[in-house]
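Asks: Spelled out from the first residue to the last, the chains are:
Number of protein chains: 4
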Amino acid sequence: MPRVKVNGVDIYYKFNGDGEKILVILNGIMMSSESWGGLVPSYVRAGYKVLNVDFRDQGKSESSKDAYTITQHVEDLRGLLQHLKIEKINLLGISYGGQVSMLFALKYPHMLESLILANTMARLTNYLKSIGEAWDEAAKLKDGEKFFRLAMPLIYSDTFYEKNLQWLKDREELFSSILTPEWFERYLRLSSSHGDYDIVDKLSNIQVPTLLISSDKDLITPYRELFMIHERIRDSKLVVIPEAGHASCYEKMEEFILVVLGFLALSTNE
Amino acid sequence: MPRVKVNGVDIYYKFNGDGEKILVILNGIMMSSESWGGLVPSYVRAGYKVLNVDFRDQGKSESSKDAYTITQHVEDLRGLLQHLKIEKINLLGISYGGQVSMLFALKYPHMLESLILANTMARLTNYLKSIGEAWDEAAKLKDGEKFFRLAMPLIYSDTFYEKNLQWLKDREELFSSILTPEWFERYLRLSSSHGDYDIVDKLSNIQVPTLLISSDKDLITPYRELFMIHERIRDSKLVVIPEAGHASCYEKMEEFILVVLGFLALSTNE
Amino acid sequence: MPRVKVNGVDIYYKFNGDGEKILVILNGIMMSSESWGGLVPSYVRAGYKVLNVDFRDQGKSESSKDAYTITQHVEDLRGLLQHLKIEKINLLGISYGGQVSMLFALKYPHMLESLILANTMARLTNYLKSIGEAWDEAAKLKDGEKFFRLAMPLIYSDTFYEKNLQWLKDREELFSSILTPEWFERYLRLSSSHGDYDIVDKLSNIQVPTLLISSDKDLITPYRELFMIHERIRDSKLVVIPEAGHASCYEKMEEFILVVLGFLALSTNE
Amino acid sequence: MPRVKVNGVDIYYKFNGDGEKILVILNGIMMSSESWGGLVPSYVRAGYKVLNVDFRDQGKSESSKDAYTITQHVEDLRGLLQHLKIEKINLLGISYGGQVSMLFALKYPHMLESLILANTMARLTNYLKSIGEAWDEAAKLKDGEKFFRLAMPLIYSDTFYEKNLQWLKDREELFSSILTPEWFERYLRLSSSHGDYDIVDKLSNIQVPTLLISSDKDLITPYRELFMIHERIRDSKLVVIPEAGHASCYEKMEEFILVVLGFLALSTNE
Chain A
1 MPRVKVNGVD IYYKFNGDGE KILVILNGIM MSSESWGGLV PSYVRAGYKV
51 LNVDFRDQGK SESSKDAYTI TQHVEDLRGL LQHLKIEKIN LLGISYGGQV
101 SMLFALKYPH MLESLILANT MARLTNYLKS IGEAWDEAAK LKDGEKFFRL
151 AMPLIYSDTF YEKNLQWLKD REELFSSILT PEWFERYLRL SSSHGDYDIV
201 DKLSNIQVPT LLISSDKDLI TPYRELFMIH ERIRDSKLVV IPEAGHASCY
251 EKMEEFILVV LGFLALSTNE
Chain B
1 MPRVKVNGVD IYYKFNGDGE KILVILNGIM MSSESWGGLV PSYVRAGYKV
51 LNVDFRDQGK SESSKDAYTI TQHVEDLRGL LQHLKIEKIN LLGISYGGQV
101 SMLFALKYPH MLESLILANT MARLTNYLKS IGEAWDEAAK LKDGEKFFRL
151 AMPLIYSDTF YEKNLQWLKD REELFSSILT PEWFERYLRL SSSHGDYDIV
201 DKLSNIQVPT LLISSDKDLI TPYRELFMIH ERIRDSKLVV IPEAGHASCY
251 EKMEEFILVV LGFLALSTNE
Chain C
1 MPRVKVNGVD IYYKFNGDGE KILVILNGIM MSSESWGGLV PSYVRAGYKV
51 LNVDFRDQGK SESSKDAYTI TQHVEDLRGL LQHLKIEKIN LLGISYGGQV
101 SMLFALKYPH MLESLILANT MARLTNYLKS IGEAWDEAAK LKDGEKFFRL
151 AMPLIYSDTF YEKNLQWLKD REELFSSILT PEWFERYLRL SSSHGDYDIV
201 DKLSNIQVPT LLISSDKDLI TPYRELFMIH ERIRDSKLVV IPEAGHASCY
251 EKMEEFILVV LGFLALSTNE
Chain D
1 MPRVKVNGVD IYYKFNGDGE KILVILNGIM MSSESWGGLV PSYVRAGYKV
51 LNVDFRDQGK SESSKDAYTI TQHVEDLRGL LQHLKIEKIN LLGISYGGQV
101 SMLFALKYPH MLESLILANT MARLTNYLKS IGEAWDEAAK LKDGEKFFRL
151 AMPLIYSDTF YEKNLQWLKD REELFSSILT PEWFERYLRL SSSHGDYDIV
201 DKLSNIQVPT LLISSDKDLI TPYRELFMIH ERIRDSKLVV IPEAGHASCY
251 EKMEEFILVV LGFLALSTNE
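Line by line, the protein sequences are chains A, B, C and D.
Residues in the first sequence are numbered from 1 upward in steps of one, following the UniProt record's numbering.
Residues in the second sequence are numbered from 1 upward in steps of one, following the UniProt record's numbering.
Residues in the third sequence are numbered from 1 upward in steps of one, following the UniProt record's numbering.
Residues in the fourth sequence are numbered from 1 upward in steps of one, following the UniProt record's numbering.
Certain hints may be false.
Lysine-lysine pairs mimicking PhoX-like chemistry, simulated, CA-CA at most 25 Å apart [as the list claims (entries may be wrong)]:
#1 K140(B) <-> K142(A)
#2 K140(C) <-> K202(D)
#3 K129(C) <-> K163(D)
#4 K169(C) <-> K163(D)
#5 K140(B) <-> K140(A)
#6 K163(C) <-> K129(D)
#7 K129(B) <-> K163(A)
#8 K163(A) <-> K202(D)
#9 K163(B) <-> K169(A)
#10 K142(B) <-> K142(A)
#11 K202(B) <-> K169(A)
#12 K129(C) <-> K140(D)
#13 K129(C) <-> K163(B)
#14 K140(D) <-> K142(C)
#15 K142(D) <-> K142(C)
#16 K163(C) <-> K202(B)
No lab work stands behind these hints: they were computed from the structure.
With the sequences and hints as input, model every part of the structure.
Replies: Shown next, in the form of structure tokens:
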């Protein structure tokens, strides 16, 4: 299992493909490198070397001994890339991973070829904070099944519930078996890393070609928040995946793959 | 405290005003007669005698010894009205109370002058059931503060969270002091009363003048569901309260009062 | 025919009802006093004395000899009210009439008890100007049937077209017989009166109780514009009539009547 | 100028690029091969041989002597492809061109590798017919400037008007110089070719991989119509370009290019 000690913590990473160009993928807060199994092959076939990373306290990365803020992941990623002697990346981040991606773009702009931000936000509204508090309460129960039941209705769209109930039930079972007490402790540390996150005023400093992916039924990071980012990052394109909630990469996996491939093709193409 | 034994259970009711026409108000599942304090005076001033009722297992009504389905409330209301010698009512129901109101309209149409349905549904979608399950999990914790935190983000709109955070914090504290273990037991019985509720195909039998109130950010009973009811009840009018979630009567109290007053005026007027 | 010379032009007006409170109605640019036949009786029955007015160059009012800006109508209304010895009014304006109503509210606030603004705007966007230019081109053809065909798809919603095609066809015929060459000349003068209309920054000076009526499929004065007004007039309420375009008072007449009645009841009520 | 006589009419076509895979592009009713100048290079760079075609009565194709229905273009395209000895194509059609593309997919499914449908419809609603009638009236004036003013507000979004007024003004001038009386006669024949176009019930027979592109402010072929197609073509993906009207390929050219490239990459990829 490839892990490397960065800033005192073992960070897990995994390569797929052997293209020249590199696509780094950063996870949403409840996800891990394994969550991307359905999407990575498409990016590999399109000629990319895909680098999945688990944040500290996530997936197969080590737990953090200390408290940290979200910017810690920026330094962890930077350290990992230095170790791997990678100087230039395309960076895709979803939700929490999108927040980290924007912070990385602001701190290390010269390392980016392009930026892909899906279902993410540049600030914490009261509403987002209240959702965070709800999930923290749910996590404190340290019960995967209950956590799933309490958190999912905000994540998946009603459309998805109508058409894929069995998939969701299976996933509930999966959560129930996978989410250990330790998982919840790690989750709660990740969740508390947001601090007073608000980078709206800094977004105009991001000058790398950027793709923004929104979905029309995303309650957590609604279209309005993605549009706000779009208006501030000059070289950004905004595309909407319809009939999908916050989990667009699961709910509409092919559409998600498609818009990312299109953006990468366009970037290469020009 | 005015209570009357109906179908074996003491049902609480309260009159306000002394108009000739009667407006009966049925609560949402987490509400009680007291929830309407801000709205009742307006309807009284408009000349109505307002009758608030708490369902069995709700507010000041007695707990139910036995399990029951939602249709039980129809018979309880009917029994109460017989006891009070009331033959004709205008019936306003919100959410769960709206479900009961439609069932009442189907069973006792001759007792209705008009029907007002706010933020309600004629069927349980998978998504609604999953929200119900989430709230059941939350209720089982029997902790008002946690229940509030877990359930509210689906009920109040993000707009309301941005503008009224303090009100919500105060309310969280209120819930925390008011919601006793017994409250949660009663809630869970009410919640389990839905059964296979689906009256879509029967709606066309409702022929009384009907007002439908929807709000644009209602995640629980979205516009689509209200529109579905509107298309099936011939003599229905549909109005939307914008920038509001499921709790439209709290989030936009004056707009809520206004459309109800307008509908009542129109009915009387013609 | 009751007309009175105001500012050099005979202004037509008509009373209905004999209530104490007065409701003045100002027309959209293509409308006249006669357009309100279906709505006035409801307001009369609710106890209002309704005063319909035709702007100069509109309906049965005289044509203007000179060019004028939209503020002229404010002075014309003020002059008419002085003549009629009316000191206090409730003012309902739709679209162009809504623009005049806001200007009136800014100039003569002491004469207002309440303000009702339907499907209107506080500024001219490029898009609105381009629609104005399209209609001007259409008007220059001086052919009622062609004018109707060219202008209506922007005014009525697609929903209305699906459900009320015959009504629209009948109306096309009516336009074709009623719209004389003189009507188009008058229309073009009204249309050119907008100037650089933009009162967004002054809206916060309006302090009278205000109702804003929007409809969800209004292409000409979309929800966004009504919401902008709502945010700036402190004591304003905003209600949406769904499945309707710019012509909400025709497309959903009963809902339109209802929300106005509700607002008037609420104002009186408090 | 490459033209070939097909079904009695000279059809203009133009190749760009020399990839193995072929992308045929079919125009909207007011467009021509030249309209795609900004998009074709991207598809060429992505390895496609792009074949632009002008329908009879469009661009550099010959005028039709006889009346015809929209299915005529299907046979014209088929004839052209036979002449060019092309057996398999990827077919991209926008609006009217999208209608032809779906008809082609139903008639000659074996010739398609994939189908891309942008801002199009599978039926004519009353509203669409009324827009068609409005444009016919405008076309009968045979004046490019007037036609532009009368037709464009339905085609471009209000967003686009706010941000690109000068571009629109330049385009108005262009139309005014280019649109000859003959252009309008040809337009009117194209416009009258729709007949009773309604292929909703046949859509489920389309089994080729399909991309549907919608835009959120398209008044002519609104999202609802694209979604209706999406629900009936099993192997279809639906993506929305936000803040754009019917002319999505002009209003948001890069986003349009991107989603098409992504779909082509995905198709090749799998």
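Asks: Against the structure shown, which of the earlier numbered hints fail to hold, in ascending order?
Replies: 2, 4, 9, 11 and 13
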